[in-house]
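Q: Each chain, letter by letter, is given below.
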Amino acid sequence: MDGAQLTQQIINGLTLGSLYGLIAIGYTMVYGILRLINFAHGDVLMVGCYIAWFAAVQFGLPWWVALMGSMVLTALLGVIIDQGAYRPLRRAPRISALITAIGVSFLLENLGLVIFGGRPKAFARPEVFNQIYEWGGVRVLSLSIWVPILTAVILAGLLLIIYRTRVGMAMRALSRDMVTVQLMGVDTNRIVAITFALGSALAAAGGVFWAMKYPQINPLMGILPGLKAFVAAVLGGIGNVVGAMIGGLLLGMAEILLVAWLPELAGYRDALAFVLLIGILIFKPTGIIGQELPE
Amino acid sequence: MSRRGWFQPGPLPAANTTRKRDTRLTILGCLAAAAGLYLLEGHADPYIVHMTCIAGLFAVLAVSYNLINGVTGQFSLEPNAFVACGAYVTALLTLSPDEKAASFILEPIIWPLSVISIPLLPALIIAGILTALMAFLMGFPVFRVRGDYLAIVTLGFGEVIRVVANNAQSLTNGPLGLKGIPHLTNLWWAWGLLAVTLFVIVRLVNSSYGRALKAVREDEVAAEAMGINAFWHKMLAFTLSAFFEGVAGGLLAHLITTISPSQFTFMFTFNLLIIIVVGGLGSTTGAVLAALLFTFGGEWLRAVEEPMSLFGLDIPGIPGMRMVFFSLILVGVMLFMRKGLLGRYEFSWRWLFALFRRRPAS
Amino acid sequence: MSRELLLRASGLSCRFGGLTAVDRLDFVLAKGELAGLIGPNGAGKTTTFNMFTGRQKPSAGDLDFLGRGVIGLKPSRINQLGMARTFQNIRLFDELSVLENVLVGFHGRLKANFLSAILRLPGYAAEERRMYERAHELLELVGLSALSDERADSLAYGQQRLLEIARALATGPRLLLLDEPAAGMNPQETAGLARLVRDLRDRMELTILLIEHDMRFVMNLCERLTVLDHGKVIARGTPQQVQNDPAVIEAYLGAEAQAAGGEAPGA
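Residue numbers (my numbering), protein chains in the order written: chain A, 840 to 1134; chain B, -2 to 359; chain C, 127 to 393.
Where chain A lies over chain B, by a calculated footprint (3+ residues, C-beta under 8 angstroms):
no., segment
1, 150 to 164
2, 267 to 281
3, 328 to 335
The set of hints was computed from the structure by calculation and includes no laboratory data. Glycine is no exception: its CB is placed at the ideal position from the N, C-alpha and C atoms.
Chain A on its own, in the form it takes in the complex (with noise of 0.2 angstroms):
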């Protein structure tokens, strides 16, 4: 692999892992804060797909105004599944809420099939991103540049919330010691809302971008993005939000550079990351940067 070759891999893998560290960051928030493995979170990400095409292709309204539409719209519907799925559970065994939310996430994906149907949409890929950038032969997509632009100012933004709002506070110190927060007079379960509202329109923006890079959208799509970028949060160090960003940029590299270097195992790249997950719990249970696994 020559020069040019490996600067445009390592532009897609950057792009990719962009996607799974957005992606990721809801995973870890909601863990860090509730124990729970939010399984729906993949799914979340589908119906935030789904509003944008609506309101781009049906609507036609601008990309942007899609996007952030798609991002309120998908928190409200996160904050909704919380408070009607996983609320009721807070006090139950853990593994009752885990079922639940895997029973959330089949529901979700199963009513996408009845609503909008099995057969994939066409995600039309705005004009801003569908540039082709040449240089030195390497050729790549505006979006792939843009992709982990965006992805910076969005994580940017929600690092200043976490780091330095009330509310996210609250959330650091919630993930610490629940009790303890609770007595000390928070309204948690605000707190939780917000912390599913953020997540999962993070999601609903790595969606969309995921949406337009391949460029198409279907009521399944959310499974893979969804498991992968849980691996890529404990490859980070769950509960940890720059680890998971840290965690999906090391997990899409992997991923593209495996395809470019071993191009006959290209097929086994969706079982990289289970591959990784399995040798971190081996090898170094704490996650690359982050705290010990929970029992």
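Put chains B and C on the given structure of chain A with help from the hints.
A: Then chains B and C, alone, in the frame of chain A:
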């Protein structure tokens, strides 16, 4: 009076006479079931027979899955992988060399498999042993974690197996799968396997080993402190359940005659999960009951997917509604009826007698 | 005193991050002793038990039980060697019956493998019968026979503590570690417990080490006490010696003063 009087969660320190009576009743029940199967085989239409076979196999899967998830409390999500393993191994062993050569178009099948063809029974046993071996090897990394991590890692293993089945052309024929598997599974195979599975698992659960498995579920730290090696007991439950899942997978392959990786996705595991949750995590008889309900109820639910006519109004069929219902059932059970149908209790003759003794009094 | 040595800890330490829970503990137990481990909250008593039983790996030091090093062994292995414990925060198998809880205790010593258990081979059947007999005897001993079919979590607090003792005895220990066995018991129950503990030592030739906050219970029962404070041994000796030790009085009063003034150091 405690509820234990009628639903007995554990082995009974029962008097010998009651135990003899119960054994006789169980044998009688088995004979009655066999007579039922005989009548079904002779007189029912092939579709009903087919569904009854499916129901038996799903009961086997549910009972095995419940052993690790419900009895031992290790919430795992990989049965699709074990069933796939059993199905592929059995099919590859029973298919004739000519069939295999005809199926493997893209890449020829690897050597020893290309020439052998053995009868169903040894093939099933080999499939069960290989699946158990896979579970055994998998157990070493997997049981380093607990709870939701265990769930996600086992799910990951399931995905890896599916990806391998899709890509190992010369072994699995890739996405095309295997066709023309002889239709050898009948009611006797399916329900016979259920009888064997129930015999082994019920006996295990009601033995000292079963108590140890439940102790691991209830409190792993305390179980360890009482001299129970939690890791090896989880392994025991895991490999044993994998063995039966593998054998059931083999029979399933010889019932539906065509297999491909797309049949063994997480969706398959999801169906089993609904069954054991509805039956009551930890209850073996609950798992059997729920498996029968699921298979026949699921067929009945197909009605919602058909177009129908109500009071002269034509309602178009909604394909996919069945799965929406199933998802709602799972969420609903967790939210409103977390213990499922039987909770952790088991059906027992003693309970049945107590029930009848009560009736006249009330 | 030249009785045979059962357990010897030397330089045993446990650190969590910056906190030293137990600091270079030297400790010996002779066969047949009835000893106590006391100290204010957070002194490192339960951590010491956890290190003895293999639940917590020591950061440094040696630990010999019955003449062999046991550091690094799994808790189940250490239990099978003959060390059993109860838990401060009761950890019964809640959904199992009282009888089953005790039966579980025998499982670690079961000789029959799972196949002979499934097939109910004669060897297994005989073992199972013996287990039931012994379990009933143990329940009789702690006074819970009438409740053998109840669910463990339906028992009263004091009964649950007794059940934990019966379960620990089922594992056939040489050394029994009791973590606050009298906590939550009323005076009658406590008196009964004291009789039981003394009985166990005298008749079953057990060695017993207990952690307890009820000072009257400890002073009347134990022959030898070790006092921990902030992970260090501050006194050893007979109850009388310890009671009058200025360092012990200081530790208890100091802890109380601290507790009155604010939060006590973490438990």
